[in-house]
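Participant: Chain by chain, the residues run as shown.
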Amino acid sequence: MAGKDFGFATKAGRQIDLDQLDTTLADKIALAVNSWRACISCGSCTATCPAGVKFHLQLPTLNRAFQLGTDFCLELPTLNRAFQLGTASCLELATLKSCLLCGKCQLVCPRGIPTRYVSIQIMQKFKSNSHVAKGIPSV
Amino acid sequence: MSKYWKEYQKEIAEDNYFYVRSCIRQNFFPGAENLFIDILRNKLGKKVFEDADHTTCTGIGYHSDIVPLETTMTVVARQFALMKEKEYKNLAVSCVTSFGLYSEILDMWKHKPELKEKIAGYLSEATGRSFEVPENMVHASDILYKFRNEIAAIAKHKLVNRHTGEPLKIVDHIGCHYAKTFPERGVGGSEFPQVLTGLINAWGGQTVDYPERRHCCGFGFRNYLVQENRGYSISQSKIKLESMQPFEPDLMVANCPGCAMFLDRWQYTLEESEGTVYGAGGLKIPVVTHEELAGIVLGYDPWQIGLQTHQVPVEVLLDKIGIDYDPELKYADLKGNLIGDPQMINEHAC
Amino acid sequence: MLKENKHTSSNPFRIAVIGAGPAGIAAAVSAAAMGVEVDWFDKEQRPGGKLNDYHQLFPDREFADQILKDFSGKTEAIEIKKHFGTIVSSIEKVDGNYNLLSNKGIKGSYNAVIIAAGFDFFDARLKEEYGYGMYDHVITSPDLEKMLKTGQEKLKCNGSFPEAMAFVHCVGSRDQQIGINYCSRLCCITGIKQAIEIRELFPSCKVYNFYIDMRAFGSGYEELYRQAQEKYNVQFIRGRVSEASENQQKRIVLKAEDTLMSRPVKVTVDWLVLLVGMVPSCTMVDVENFSCTDQETGFYKQSNPLSGGGLSGQPGIFNAGACGGPMSIPEALASGRSAAMEVWQYLIKR
Ligand SMILES: Cc1cc2nc3c(=O)[nH]c(=O)nc-3n(C[C@H](O)[C@H](O)[C@H](O)COP(=O)(O)OP(=O)(O)OC[C@H]3O[C@@H](n4cnc5c(N)ncnc54)[C@H](O)[C@@H]3O)c2cc1C
Ligand code: SF4
Ligand code: SF4
Ligand code: SF4
Ligand code: SF4
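Chains as they are written, first to last, in the working numbering: chain U, 1 to 139; chain F, 140 to 489; chain P, 490 to 839.
Treat each hint with caution, since some may be false.
Okay, the calculated beta carbon distance ranges per label pair [as the list claims (entries may be wrong)]: (1) Cys102(U) - Gln666(P): 43 to 51 Å; (2) Gln148(F) - Gln20(U): 35 to 43 Å; (3) Leu422(F) - Gln737(P): 17 to 25 Å.
Rather than coming from a laboratory, the hints here were simulated on the basis of the structure.
Think of the CB as a built atom: it goes at the ideal place given N, C-alpha and C, for glycine as much as any other residue.
In isolation and in its complexed conformation, chain U is listed as follows (with noise of 0.2 Å):
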């Protein structure tokens, strides 16, 4: 029903409810990088990454929201909801493109997660999904 205009709208929430979440894909990526859960966003990565210094790659928000399971710049409940209807074009997913492999992230982590690894895997996952392959490098 198309409802009476008053000028103005209720808000889509940015809360991220936790209930609604769905790890399958955290689970997945863990399976080969266990290590991938230790991240604790000290950032090292990121300060050094080119990608991240030139464009919008950072591997802790990317971890964070894999953990939790939300695809927050789609505003859809989950990631894995996203990764299902191919619609894997979140800001920092989408990012990942711009790894260039060099493997800095990897040197510098305290935690010692191979992160050019993790990088690979989700790469691999997402092209797995065939439809959601467009715009991310085959490797």
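Since the structure of chain U is provided, determine the placement of chains F and P with the ligands on it from the hints.
Facilitator: Then chains F and P with the ligands, alone, in the frame of chain U:
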């Protein structure tokens, strides 16, 4: 050191109130304040004084960055001066916005006595008056809380569904400025406020503690003054409504004019714009103020106390309680002449 | 077993140790081993202090009961005069020695006193917004220890195991609202340990830890933190819960911000565990004519923050363990031993 919530009790004067009205309540629910004075004077035998020279506190203007702080303080100092001139010491405030503003000003003066001196100078310069701060300052709902058992003793109705015999499920909404800024000035503090649940329980109802109970109604002053901003306001009310919906409340009670207004009117707006209603059985949830709730249990005529000025029809509630009313007279003047039902206007006025 | 007793008339030193928690145990055993006659007081009927109610201990998850058994091996092997069930209220100086005043009368005269009266758990009701004491499913970390100790059945909700649980860090610590500015040091690691225990007991239960800063300072603590993340998939969310409420199913709804995502979050859990801080004991012992506590924190103060550990500043009065501030068990034990050493130095120089 902080206190237990149960220990948030305040001193509420026994009698002799200098009553200050709310500028907006008089427009939103014109019957509520007269009703309050009538209950105090004629049911509880208290002395209440109203000063014809009393003005708005400018709270809404102040909170919307329209009126500067010192002007607001001078206006408030003038109210205190009126009270001093009439030799009253107990201030009873109708509006939660005013109550919060007065509390804030008194607190600022406590910490900065020189500011109080400055305002005293402004007041004297502008009006020749001088003031004293109230000895006791309470919100109108505090007074009803204090006398809740006395009211229960003379009540004609209980907040009980006469068909099922069950207590009515009632949601309380406390205006943010009642206790969020100064929890010690509110009965029960701000996380588990008791001021309205005390009334509900004493009068036979059942209170509903739903997850968004403490959330702001969205009134927010500048957030509704301009039409384009009202989306912010209505979104907050919607959060509350969605959260209380599963509890299927029979009624909402609010002690703030703004909250009562928006929780009422936004239900209509949401129904029209989004097609959603939040009460049980496809109905909206009636909203009344603390005075109106007292008036209902005391057996006042619903149309005499202005319940027809609520957007959400209150008849469902009256029927549940078993209150006699003449549907014909809903839109009649005080003499009983029919003045016609409200008409839908297509262009929203402001 | 023959008890070791070095106390002879040629060794006339006599001291009192107040408190039989880890610090008091270490102090009493060490002093007795040096040949000092020890009168040992505790308000409880058994030694062990807080450990009596703990389940598993960080960092190695050793059972508290095992450690207690080791302790009693040590205390039974040496002669110490036990005065359990005695609440010491104050200490007075008479002719250069000390008398203890308690519910059982006056005892004296001691050449020196070691106060090892421990700490209290922060009273979580003071943080109203978490609803402790209001909602059945809001508990504290010591409550959870007891539940874990007496059986996981207690953690069932409506007959089934919990689906989600949350821990809130810094409840009663680092909080200007309640006038406590210090960090309690051990609640982070307690939260980590308890989160792991829950994930082991209920592998399908989601566990969230809401923290402000993660402070895992002790040996083996950081390793446990990493294990909690990597092996147990505990979700550590940086942000402090600022409201808890109950929904219709009596589950707890939390509001926080994930500050690393710059987003508010909401989650519903079966249990909310408040990681309460450590505060000065309500049965602190007064020392006559001497202010022995720190004005800011209320714990016993040290004569010098760097070098005066255990020294109260008053000759003959010493303190040990968590009555001097938040401390772990190994630290409390070390502090008890070192106090005994300081006492010995004091006694032989007298
Ligand atoms: C939830 C929680 C879990 C913890 N788990 C661990 C852990 O796993 N590992 C670890 O290393 N640390 C742990 N700790 C810290 C540990 O509790 C302390 O390090 C330890 O209890 C300190 O020992 P204490 O002897 O100083 O004090 P307490 O254990 O508090 O003992 C003090 C004793 O003094 C007695 N007393 C008090 N006042 C009087 C009086 N006036 N007269 C007579 N007697 C009195 C009390 O009855 C008590 O027996 C934990 C702390 C918390 C809050
Ligand atoms: S490998 Fe990729 S993510 Fe890592 S530093 Fe290089 S560009 Fe950045
Ligand atoms: S450097 Fe490592 S631990 Fe730090 S934010 Fe990056 S991935 Fe996380
Ligand atoms: S809206 Fe937020 S910032 Fe403003 S008063 Fe309320 S809690 Fe504070
Ligand atoms: S140890 Fe952790 S939880 Fe406890 S007060 Fe310090 S930072 Fe907060």
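Participant: Evaluate each hint against the coordinates.
Facilitator: Verification of the supplied hints:
1. For the pair cysteine 102(U) and glutamine 666(P), the supplied restraint of 43 to 51 Å holds, since their beta-carbon distance comes to about 47 Å.
2. Our hint of 35 to 43 Å for glutamine 148(F) and glutamine 20(U) holds, since their Cβ atoms are close to 41 Å apart.
3. Restraint check, leucine 422(F) to glutamine 737(P): a C-beta distance of roughly 20 Å satisfies the suggested window 17 to 25 Å.
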